[in-house]
Every structure is written in structure tokens, then in C-alpha cells.
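Trainee: What follows is each chain in one-letter form.
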Amino acid sequence: MKNGLAGTNIYLAMLVIGIKDQLAYKLDYLLSVIFRFINALFMILIWTAIYLGTGVSSIRGFTLPDIYVYFFIIYALMGTTNMQLPDVIQEDIGEGSIAAAYTRPLRYPVQAFMRGAADDLLIIIFGTVPLFAVAVLISHVSLTLGTVLLLLTEILISYLLVNLIGFLIGMAAVKLINIYGIITITWSTLLLLGGGVVPLNMLPSVVQQILFFSPFPIMLYIPAATFLGTVGYGVIMTSIFTSIAWIAVLAVAAYVAWGKVRRQITSAGG
Amino acid sequence: MAVTDSIRYYLINQLYLWRSFMAYRAQALLWLVYSTFSGIFSLITMTVIYSVSSGFAGWSYYQMLILSATMVMVINATTYSINGWQIVSAMRQGRLDMHMVRPYGLATVMLSAQGVKTDIAGFASGVAIFAYAAWELHLSIIYMLFFLGVAAVGTYALLLFELMITVLSYHLFRSGTFINQLVGALTTVGSYPLSVFGPIIMLLFTVVVPIGIATYYPAEMMFGKINVTLSIAVVAFSLVVAAVSYKLFYLLMRYYTSGGG
Chain F
1 MKNGLAGTNI YLAMLVIGIK DQLAYKLDYL LSVIFRFINA LFMILIWTAI YLGTGVSSIR
61 GFTLPDIYVY FFIIYALMGT TNMQLPDVIQ EDIGEGSIAA AYTRPLRYPV QAFMRGAADD
121 LLIIIFGTVP LFAVAVLISH VSLTLGTVLL LLTEILISYL LVNLIGFLIG MAAVKLINIY
181 GIITITWSTL LLLGGGVVPL NMLPSVVQQI LFFSPFPIML YIPAATFLGT VGYGVIMTSI
241 FTSIAWIAVL AVAAYVAWGK VRRQITSAGG
Chain D
1001 MAVTDSIRYY LINQLYLWRS FMAYRAQALL WLVYSTFSGI FSLITMTVIY SVSSGFAGWS
1061 YYQMLILSAT MVMVINATTY SINGWQIVSA MRQGRLDMHM VRPYGLATVM LSAQGVKTDI
1121 AGFASGVAIF AYAAWELHLS IIYMLFFLGV AAVGTYALLL FELMITVLSY HLFRSGTFIN
1181 QLVGALTTVG SYPLSVFGPI IMLLFTVVVP IGIATYYPAE MMFGKINVTL SIAVVAFSLV
1241 VAAVSYKLFY LLMRYYTSGG G
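Protein chains in written order, with the numbering used here: chain F, 1 to 270; chain D, 1001 to 1261.
In isolation and in its complexed conformation, chain F is listed as follows:
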């Protein structure tokens, strides 16, 4: 196992290879970025119709301009909650390339993470950053240093959570081989329970109370609400601490599970 600077360079090389892989079809990639903007615009038009149809200036504390900003931020954050890790692990196990990965003097979970991170990085650069910029421009919000730090903390926490969940799901591929179903279910659940379809404060209060103890709100809703200032510090801090607790639980689960699962990995040919 490579340690120190040499090891880091090899992992970074894997990240670079992953980026080159992703950009192999450049026009296609550009279109997928454009579709992110288009989908955000669709959500905005839908909610505009709802506000105009209802004839109110605010629904559950969100004005129409707030909703515009909310969905730009939600679509920006979808770049940081991309969840590529289980796809990478499944591909390695399904195609048997995990055998080749094991021959490298690198830790497999970190290898897999770096390959997934290549996609994440590109989406953050081409999707998250521009959409966030649009949100800042249209919101006329002057972000304080405190809010920016809080946002970065929330985004970092959500990125860790998503990857830990992704790693645990990815390990299921050792037994199930094909885990696309689980990956898709997880992503859809995250989208709905994270506030990607409707802001969570529009759900019944009982559902909200339960959700705030889950790892989902920090992934989309809490950062968007933090940016807009529509949620109190109490809720934000509760959500951050709850999420940190989830990170601890999931990290331990991932460590223990990997310790057991890695002995059961077989490649094509046994």
C-alpha cells in the first residue's frame, strides 16, 4: 500500500483519468449541463403558475422570488449529491474489473471514491457553480461570511453523507451484483425527502419533524433555506448535529461492513 505523497499522487492520477473519461463525449456532457438549467426553469414556471393560480404572495414563508432561488439552489446542490460511488463499485464487481483494482497498491474504497469524485467535480464546476451564481444574482442576497461558512459546512456534510450511503449501497453489489434498482430508489428517496420536489416546510408538520431527524434535509432543503434565510439557526444547528451523528453511524457501519464484505469479493473466474 502506497503511503504519503506518492500514494496521494496516484489517487490524484485516478481522479484525472476519471475526468478524462467523463469528458470523452464533450457535446453530450454539455447538453446534460444545459438540461440541469432547463429542469430548474421548468420547476420555476410550474411554481409561478401555482402562485399566480392561488393569488398569494407567500406560501409557508416562501415568496415567489424565494421559490425561484430555492429551485436554482436545489438543482445546484444536486451536483454535490450526485452519488456516483455505488455505480463505480457495481461496475467493478459486475465486469470483474475489481480484480485489476485489487492488484493496484491502493486501497480499493479510496480508488472507487476518486473515480466517482471525478464526475462529482465536473458536475460541481459546470453545474453547481453556475446555478449557484444565478441564484446569487437573482436573489440580491448579500451573503455574509458566516452564511457562506455555514453553507459550505452543510454542503460538505451532505457530500460525506451521500458518499457513505453510496459506499454502503455499493457494497451490496458484492452479494446482488446488479444494484441499479437500489441506487435509483435511494436517489429518488433523497430527492423527495430532501426537498428536491417540494420545499420540506410545505409538508405536514409531523412529517417535517420526523424528516429533520433523518439524513435527507441537509442534502438539499437546509442549504437552500439557509441561503434564503427562511429557516432559523436552531433548526440549522439541529440538522447539522443530527447529520454529523448520521455520518458517525454510517462511517462505523461502512467500516464494519467493508471488513466483512471484502473477504467475499470474487471476480469473474472465481
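The set of hints was computed from the structure by calculation and includes no laboratory data. Heads up, a few of these hints could be off.
As the list claims (entries may be wrong) - Incomplete in silico selection of chain F near chain D, CB under 8 Å: (1) L45; (2) T54; (3) G94; (4) L176; (5) I177; (6) L192; (7) V197; (8) L203; (9) V206.
C-beta atoms are modelled at their ideal positions from N, C-alpha and C, and glycine is treated no differently.
With chain F's structure known, arrange chain D on it following the hints.
Mentor: Then chain D, alone, in the frame of chain F:
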């Protein structure tokens, strides 16, 4: 080649695809469960929207359920036979070449070879929501049959359109990401009244990308929001879209070269 032979070929392929899919049973079950999410999500979304607002002007909660359930049925019906991403990937790797030398039409071959089988569960979830909303609205069977007929013609047109766009996507990008993203956008747009997107997008998703003819206009027809003349025009336009898409598909396939050149 007789139509019955093509249908037989399609059904044999379906049997093979279903058996392949069921090879991973746990996975198959999860996929089937997931597929119902499309219906459940649309139900939750509409319920939340109508619980905090009056919703969309001129559309009641149950009417919106009908529209979004129709969208769920239409999208699942098309992706059951066409998975753009899979088809482009298969074309790129030359995996469809063997199928193409068989004595069947290219459209039959491509509609038979791929597709998301689990979407049958998604379709069923759409049917369940549709039935629930129709029951609450006390819709007559005649109206529903008329609606389903018009929606079926629109879905057929959309299916051929997607097939044509998939081949175009292969020629332009050599990747299926575009078609996947397009289907995602269609799902969003088709779940809501086209009028909420403004005249330009409404026209775009009626004429250029014909999702409206399969979802929005049949629903408008059923709820008496458009007259008989316009209803007939929608059906006629659907048939034109189907014919043009079919012709364009064959035109594009003339320039097809697989991974091996």
C-alpha cells in the same frame, strides 16, 4: 414480412428480456417496487401542492391527478419498449447488428431488442391513480374510453418520435445521455398543464417534441376544455407525427454504421 410475424418476433424478444431481467430476482423485485415510485411521487407532489395552495388555475386536484397519472402511464409505456440510453449504447458497440440482419423491419427490431421491463409496474401505478381520480370525478366510461383512445394514438406517435430521436442522438453525440435527459424533461413538462409554461414552450412541446398530444390535449378534451374540431386536429396531428417520425427514423438508419464501422 407479415404484421403477425413482427408481433411474434416482438413477443419472443419480450419473453427473453423478461427472463433475463428475472435472473437477478432480488434486483428485479426492487426495480418493480421502484418503478411504482413514479406514480407515488406524482401523487405526493400533487397532494402537497394542493394542500398548500389552490394549485393550477382551471385545474382541480383530481383533474391534475388524471393529468399526472396519464403522464406516468405514457412515459412508462414508451420506455417499456425504448430505452434510449441502452439503444445508443447497443448501437455504439454493434450489439444490435445481429438483430438488424433478421428479416424484420428496423423499427420492429429496435423496439423489440431493448426497453425497461420494470416500467410495467410504473404503468400500473399510473393506472391506479388514474382510476382513483376518475372515480372521484365520476367520469363516465365513454369519456374515459375516448380519452384513452386519443392518448393511445398520442403515445404511439411519441414512441416513434423517441425512436427517431434516439437514432439522431446516436448520430450527433454517440451517447444516450441526451435522450435520457430529454425523457426526464418530458416527464416534468407532461405532468403539468402545458399552458403553465407559456406559449413558446407550449408550442415547442406540442409540435417539436410531441408530449402534449399524448397527455395534455387528451386530458383537456376529456374535461371539455377544448372543442371537437380541435380534438380531431390533435388526433390527426398525432398520426402525422407518427408518420414523419417513422420516415425520419428510416432515413437516419440509412447512415448508421456500428462500432465496427
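Trainee: It remains to establish, for every hint, whether it holds in the given structure.
Mentor: Right, here's what the structure says about each hint:
1. L45: Cβ of F/L45 sits 5 Å from chain D, so the hint holds.
2. T54: This hint holds: F/T54 lies near chain D, its Cβ roughly 4 Å from the closest one there, short of 8 Å.
3. G94: Since the shortest Cβ distance to chain D is 10 Å, the answer is violated.
4. L176: 6 Å, holds
5. I177: Status holds, d = 6 Å.
6. L192: 6 Å, holds
7. V197: 5 Å, holds
8. L203: 6 Å, holds
9. V206: At about 13 Å, which exceeds the 8 Å cut-off, the nearest Cβ of chain D leaves the hint on F/V206 violated.
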